[in-house]
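Q: Below are the chains, spelled out letter by letter.
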Amino acid sequence: MSKKITVMLIDDSKIDLFIHNEFIRKMNISNSVLQFNFAKEALEFLKTKDSSFWPDLILLDIHMPIMNGFDFLEEYGELPLLCRNKCKIVIVSSSLDFNDKLKANESPFVLQLLEKPLNIGSLMKVLTQNNVI
Amino acid sequence: MTDLIKVLYVDDEENNLVAFRANFRKIYDVYTADSAKKALEILKETHIQILISDQRMPDITGVEFLEQTVELYPESIRLLITGQADIEVVIEAINRGQVSKYIQKPWDWDKLSIAIDYCVTLYTSRMEMKNKNSELKKVNEELNRFVYSVSHDLRSPLTSILGIINLTKLIPELKQADQYFEMIEGRVFKLDSLIKKIVDYYRNARSDEPKDNIDFKSLFLSVWDILKVHNNSIVFNLNVNQPTNFIGDLYRLEVVFENLISNAIKYQIPENQTKVITVNTEVVDEYVKIIISDNGIGIKSEYLESIYELFFRTENTLNVEGSGIGLYIVKEAIEKMQGKITIKSELMKGTSFEIIIPSKKQI
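These protein sequence lines map, in sequence, to chains V and F. With numbering that gives the first Met the number 0 applied, the first sequence has no gaps in its numbers, which climb one by one up to 132 at the end. With numbering that gives the first Met the number 0 applied, the second sequence has no gaps in its numbers, which climb one by one up to 362 at the end.
Hints are supplied without guarantee of correctness; some may be wrong.
Restraint-style ranges between C-beta atoms, simulated for each label pair [what the hints assert, rightly or not]:
{"id": "1", "chain 1": "V", "residue 1": "P107", "chain 2": "F", "residue 2": "S221", "range": "13 to 23 Å"}
{"id": "2", "chain 1": "F", "residue 1": "L135", "chain 2": "V", "residue 2": "L81", "range": "46 to 56 Å"}
{"id": "3", "chain 1": "V", "residue 1": "E73", "chain 2": "F", "residue 2": "S217", "range": "20 to 30 Å"}
{"id": "4", "chain 1": "V", "residue 1": "N129", "chain 2": "F", "residue 2": "D214", "range": "53 to 63 Å"}
{"id": "5", "chain 1": "F", "residue 1": "K131", "chain 2": "V", "residue 2": "I119", "range": "28 to 38 Å"}
{"id": "6", "chain 1": "F", "residue 1": "N230", "chain 2": "V", "residue 2": "N130", "range": "43 to 53 Å"}
{"id": "7", "chain 1": "V", "residue 1": "I119", "chain 2": "F", "residue 2": "M128", "range": "50 to 60 Å"}
{"id": "8", "chain 1": "F", "residue 1": "K131", "chain 2": "V", "residue 2": "K85", "range": "44 to 54 Å"}
{"id": "9", "chain 1": "V", "residue 1": "N30", "chain 2": "F", "residue 2": "K343", "range": "49 to 59 Å"}
{"id": "10", "chain 1": "F", "residue 1": "K343", "chain 2": "V", "residue 2": "I14", "range": "41 to 51 Å"}
{"id": "11", "chain 1": "V", "residue 1": "G76", "chain 2": "F", "residue 2": "S221", "range": "19 to 29 Å"}
{"id": "12", "chain 1": "F", "residue 1": "F188", "chain 2": "V", "residue 2": "L81", "range": "37 to 47 Å"}
{"id": "13", "chain 1": "V", "residue 1": "D49", "chain 2": "F", "residue 2": "E141", "range": "39 to 49 Å"}
{"id": "14", "chain 1": "F", "residue 1": "A204", "chain 2": "V", "residue 2": "N130", "range": "50 to 60 Å"}
Worth flagging that the hints you see were computed from the coordinates, not collected in a lab. All C-beta atoms in this analysis are idealised placements derived from N, C-alpha and C, irrespective of residue type, glycine included.
Work out the full structure, taking the sequences as your base and the hints as a guide.
A: Shown next, in the form of structure tokens:
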């Protein structure tokens, strides 16, 4: 559990970005956290940067303007396999729409949907279960 | 005035066509054709509402012609005119040609008039229903979007606040303020659960019947995972015996379990050394039987009948956060699944709910 991972946070709420960043810091699993207010920019980052910049974990919000979490997942599916294999996605959302949960479960790229507020225990569990850390 | 109803009359006898046109041209927008072929050409170009055909024509019968129009113009109303009073023809006309009205030759104008009138009424009421249905569908979809987006926007700031409070717990210097943060947290939980319950209530009132494959063990574990943060001193005993698959409504089951287990957590006796919630689940081909019990504060027997009423709360629960919506939703959800719920409870001993829900599995 000593390996440090790179984490990408995608959330339209700056406060939630801050909270998730603090959580990741407290969990002591990462030395590098990339924060994006817009899913589009995050996608652009993945498309243009080379593999050494790719994150190991993406915490993705669902309800965001311009490009929402599901739009992001759709375009994410077009990225090279190498990239998709590296970046594991956990959805973090406060949505009460049951269809969102079903859709998240159906996506092959999503490890799990966690409800906001994030708590360290559940995130840790998902990450260890899926060998992300 | 609105546009005239378009009526197409097909008959190989020119005289009939002329007479028909003369008689109805003021009331309807009349089209005529002396063969099925010409009629089909007119239909291609004009949206005809009422289709009238003679049965006996040289190359094709009226029924055969009308049958051809069923698939292409399902909204049009069909009327058949025939000389032979042949029951076979009538049966064919109704079954194959989807004819709504049948007139015998020689026709008198009054009878024909009434028959066409009837067809017009049929057409307009069908159209009205169709429009109302699509309107209803649209309104429903909008309501759906509205409910989910409002609830999400209401919850977002709350979950941020809870997230920040979670952060404060990780900072030793803030230990002194713990009590205050807990108070804030309690109030936010209350508001958040109210929003969740309102959405549950809304969602439950809808009448869809999903058929999900239910794995009870993982369902209970995921519910417990979310709820246990509210009180982590409780022992959760889960026994699931599921030798066969169960088809049911995942959402409603989740709502039921979430509410019952969250109640079992909330209404514990604080002084109890060991606080226990036990869930026993027995799945067979036809149904599932679930017993959820706790050793909490219990419910006075005189209240047992009222607990499923909306906004009902008892005096010994007033110091615990609650909205009086939960059990109402539970009962509604179980009834929607054609299930049954019974309760046994003893004051200061505990409460036990027994639920039976039929499986939608095809055996």
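Q: Evaluate each hint against the coordinates.
A: Hint-by-hint comparison with the structure:
For V:P107 and F:S221, the Cβ-Cβ distance of about 20 Å falls inside the hinted range of 13 to 23 Å, so the restraint holds. Between F:L135 and V:L81, the C-beta spacing of about 49 Å keeps the proposed range 46 to 56 Å intact. The supplied range of 20 to 30 Å is met by V:E73 and F:S217, whose beta-carbon atoms lie about 27 Å from each other. Checked against the given bound of 53 to 63 Å, the beta carbons of V:N129 and F:D214, roughly 19 Å apart, lie outside it.
For the hinted restraint 28 to 38 Å between F:K131 and V:I119, the CB-CB distance of approximately 52 Å leaves it violated. A hinted range of 43 to 53 Å for the beta carbons of F:N230 and V:N130 is inconsistent with their spacing of about 31 Å. Remark: the range hint 50 to 60 Å for V:I119 to F:M128 is upheld by a beta-carbon distance near 55 Å. Between F:K131 and V:K85 the CB atoms are about 53 Å apart, so this pair conforms to the stated range of 44 to 54 Å.
Checking the proposed 49 to 59 Å range against V:N30 and F:K343 shows it holds: the Cβ atoms sit about 56 Å from each other. For the hinted restraint 41 to 51 Å between F:K343 and V:I14, the CB-CB distance of approximately 46 Å keeps it satisfied. Between V:G76 and F:S221 the C-beta distance comes to about 26 Å, which sits within the given range of 19 to 29 Å. Taking 37 to 47 Å as the suggested C-beta distance range, the pair F:F188 and V:L81 conforms, at roughly 43 Å.
Checking the proposed 39 to 49 Å range against V:D49 and F:E141 shows it holds: the Cβ atoms sit about 45 Å from each other. The hinted window of 50 to 60 Å between F:A204 and V:N130 is violated, with their beta carbons roughly 43 Å apart.
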